[in-house]
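Construct the complete structure from the given sequences, taking the supplied hints into account.
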Amino acid sequence: MSEENKINMDFLKGLEKNICPICGEKDCPYPRDRRGDKVIEEIMKAYTKGDTIGVKKLYLSKMIPLRKANFNRGSFGSNDEFYDKAQNSKPSMSSFGMLQHFFGKSGRELTLTEIGVHDKVRGLMRKPGAFGRPEGSIQSRFISQIQSGERVDFENRYNFGLEKKVPIYDPLWGIGGATVSGSLTNVSAEKVGDTYNVSGTINYKLYDKFTDPYDTFNWVKEDINVGGKPFDITGEWKENVTFQVNQQIFENRLMQLFKDKKP
1 MSEENKINMD
11 FLKGLEKNIC
21 PICGEKDCPY
31 PRDRRGDKVI
41 EEIMKAYTKG
51 DTIGVKKLYL
61 SKMIPLRKAN
71 FNRGSFGSND
81 EFYDKAQNSK
91 PSMSSFGMLQ
101 HFFGKSGREL
111 TLTEIGVHDK
121 VRGLMRKPGA
131 FGRPEGSIQS
141 RFISQIQSGE
151 RVDFENRYNF
161 GLEKKVPIYD
171 PLWGIGGATV
181 SGSLTNVSAE
191 KVGDTYNVSG
201 TINYKLYDKF
211 TDPYDTFNWV
221 KEDINVGGKP
231 FDITGEWKEN
241 VTFQVNQQIF
251 ENRLMQLFKD
261 KKP
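So the sequence shown is numbered by the numbering used here: it starts at 1 and just counts up by one.
Calculated from the structure, these hints are not laboratory results.
As the structure is a computational prediction, the values presented were derived from the model and not from experiment.
Glycine is no exception: its CB is placed at the ideal position from the N, C-alpha and C atoms.
Do not rely on the hints blindly, as some may be mistaken.
Quick list of in silico lysine-lysine cross-link-like pairs, DSS-like style, CA-CA up to 25 Å [unchecked claim]: (1) K209 with K49; (2) K49 with K229; (3) K45 with K56; (4) K164 with K191; (5) K68 with K165; (6) K105 with K68; (7) K45 with K209; (8) K45 with K165; (9) K261 with K205; (10) K261 with K191; (11) K191 with K259; (12) K164 with K209; (13) K164 with K127; (14) K105 with K45; (15) K38 with K56; (16) K164 with K38; (17) K127 with K105.
Across the chosen pairs, the derived CB separations fall in these ranges [what the hints assert, rightly or not]: (18) P65 with T242: 51 to 59 Å; (19) D260 with E109: 30 to 38 Å; (20) K262 with K45: 40 to 48 Å; (21) R141 with K45: 48 to 56 Å; (22) N197 with F103: 50 to 58 Å; (23) K261 with P128: 25 to 33 Å; (24) S199 with N156: 31 to 39 Å; (25) Q248 with K165: 28 to 36 Å; (26) G227 with T111: 22 to 30 Å.
Structure representation (structure tokens):
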């Protein structure tokens with residue numbers, strides 16, 4: 001394989017990993033030229049059509065100049081680190097990689113760990129203000145609902161695209177809307193005065209189906225999966241928690257909720 005073809009192949013591999021194609025760094029820690037968003041979208045469109053020549057042309061004519069203008073990384077030689085990361089990085093996927101899996105037609109489920117966002121998604125459950133909600137975090141709101149006797153489990157849909165760093169390219173943008181559920185288990189309680197000190201484990205689950213990417217990218221209005229096969233995205237994790245609950249709420253509401261809870 002010629003050096004130029006090797007570079008082209010490595011660039012395509014890099015596109016499928018969560019490594020910013022502009023700055024060459026994982027998770028894109030740098031301020032970016034907003035023109036890069038449009039270039040990435042153009043590359044994505046060519047990529048989904050299998051137009052590797054078009055991808056190469058966009059890379060040479062638009063991506064490399066953006067690298068040079070923003071990070072003084074304009075030559076092939078200066079991108080060696082990017083290619084090394086594409087080949088040797090830990091398991092991760094960009095939205096390009098998720099599309100490649102879709103077009104591979106295996107339909108095999110992908111986990112958050114395989115995509116490389118397990119820890120990030122887990123952290124978002126505890127992040128104040130995540131998903132555009134100013135009041136606390138998903139986990140703190142759930143605990144507040146437990147303390148008030150409203151519920152001991154939940155299931156909601158969240159737009160993970162709101163937590164992206166790089167539009168279109170970021171795997172969180174590729175996941176988009178996903179369902180997250182949580183259930184309080186392994187509960188123990190100690191009465192202290194007129195309150196209970198409660199400890200337990202929140203079992204979290206995430207589910208999404210990666211389907212109809214043409215609609216995801218707003219390229220067509222019809223619900224189609226031409227050229228690919230939808231697949232599930234899943235994740236599970238646990239968080240140990242401790243909190244206090246008023247005696248009357250615990251005895252009159254929570255104990256009944258635990259009793260009625262499905263196994």
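Status of each hint after checking the structure:
For the given pair, K209 sits about 22 Å from K49 by alpha-carbon distance, which is consistent with the 25 Å threshold. Using a Cα cut-off of 25 Å, the hinted pair K49 and K229 holds, with the two alpha carbons roughly 15 Å apart. A threshold of 25 Å between alpha carbons decides the hint, and for K45 with K56 the separation of about 13 Å falls inside it, so the pair holds. The straight-line distance between the Cα atoms of K164 and K191 is roughly 43 Å, outside the 25 Å bound, and the hint therefore fails.
This hinted pair checks out: K68 and K165 have alpha carbons roughly 21 Å apart, not beyond 25 Å. Of the pairs offered as hints, the one joining K105 and K68 is violated, with about 37 Å between alpha carbons and a cut-off of 25 Å exceeded. Distance hint between K45 and K209 is fulfilled; the C-alpha atoms sit about 21 Å from each other, no more than 25 Å. Of the pairs offered as hints, the one joining K45 and K165 holds, with about 20 Å between alpha carbons and a cut-off of 25 Å not exceeded.
Between K261 and K205 the alpha-carbon distance is near 17 Å, which keeps this suggested pair within the 25 Å criterion. With a C-alpha separation of about 22 Å, the suggested pairing of K261 with K191 holds against the 25 Å cut-off. With a C-alpha separation of about 19 Å, the suggested pairing of K191 with K259 holds against the 25 Å cut-off. Our distance criterion of 25 Å between C-alpha atoms is met by K164 and K209, whose separation comes to about 18 Å.
A C-alpha spacing of about 14 Å is found between K164 and K127, which places the hinted pair at or below 25 Å, so the restraint holds. Our distance criterion of 25 Å between C-alpha atoms is met by K105 and K45, whose separation comes to about 19 Å. Pair hint K38 plus K56 holds up; C-alpha atoms about 16 Å apart against a cutoff of 25 Å. Distance hint between K164 and K38 is fulfilled; the C-alpha atoms sit about 16 Å from each other, no more than 25 Å.
Restraint check for K127 and K105: the C-alpha separation of about 35 Å exceeds 25 Å, so the hint is violated. For P65 and T242, the hinted distance range of 51 to 59 Å is satisfied, since their beta carbons lie about 54 Å from each other. In this structure the hint that D260 and E109 lie 30 to 38 Å apart at CB holds, the actual value being about 31 Å. A C-beta distance of roughly 45 Å is found between K262 and K45, which places it inside the suggested range of 40 to 48 Å.
Roughly 39 Å separates the CB atoms of R141 and K45, a value that falls outside the hinted 48 to 56 Å. One distance hint, 50 to 58 Å for the beta-carbon pair N197 and F103, holds here, with the actual separation near 53 Å. In this structure, K261 and P128 meet the distance hint of 25 to 33 Å, their C-beta atoms being roughly 28 Å apart. In this structure the hint that S199 and N156 lie 31 to 39 Å apart at CB is violated, the actual value being about 24 Å.
Look at Q248 against K165: about 45 Å separates their beta carbons, and that is not inside 28 to 36 Å. Distance hint check: the CB atoms of G227 and T111 are about 24 Å apart, consistent with the given range 22 to 30 Å.
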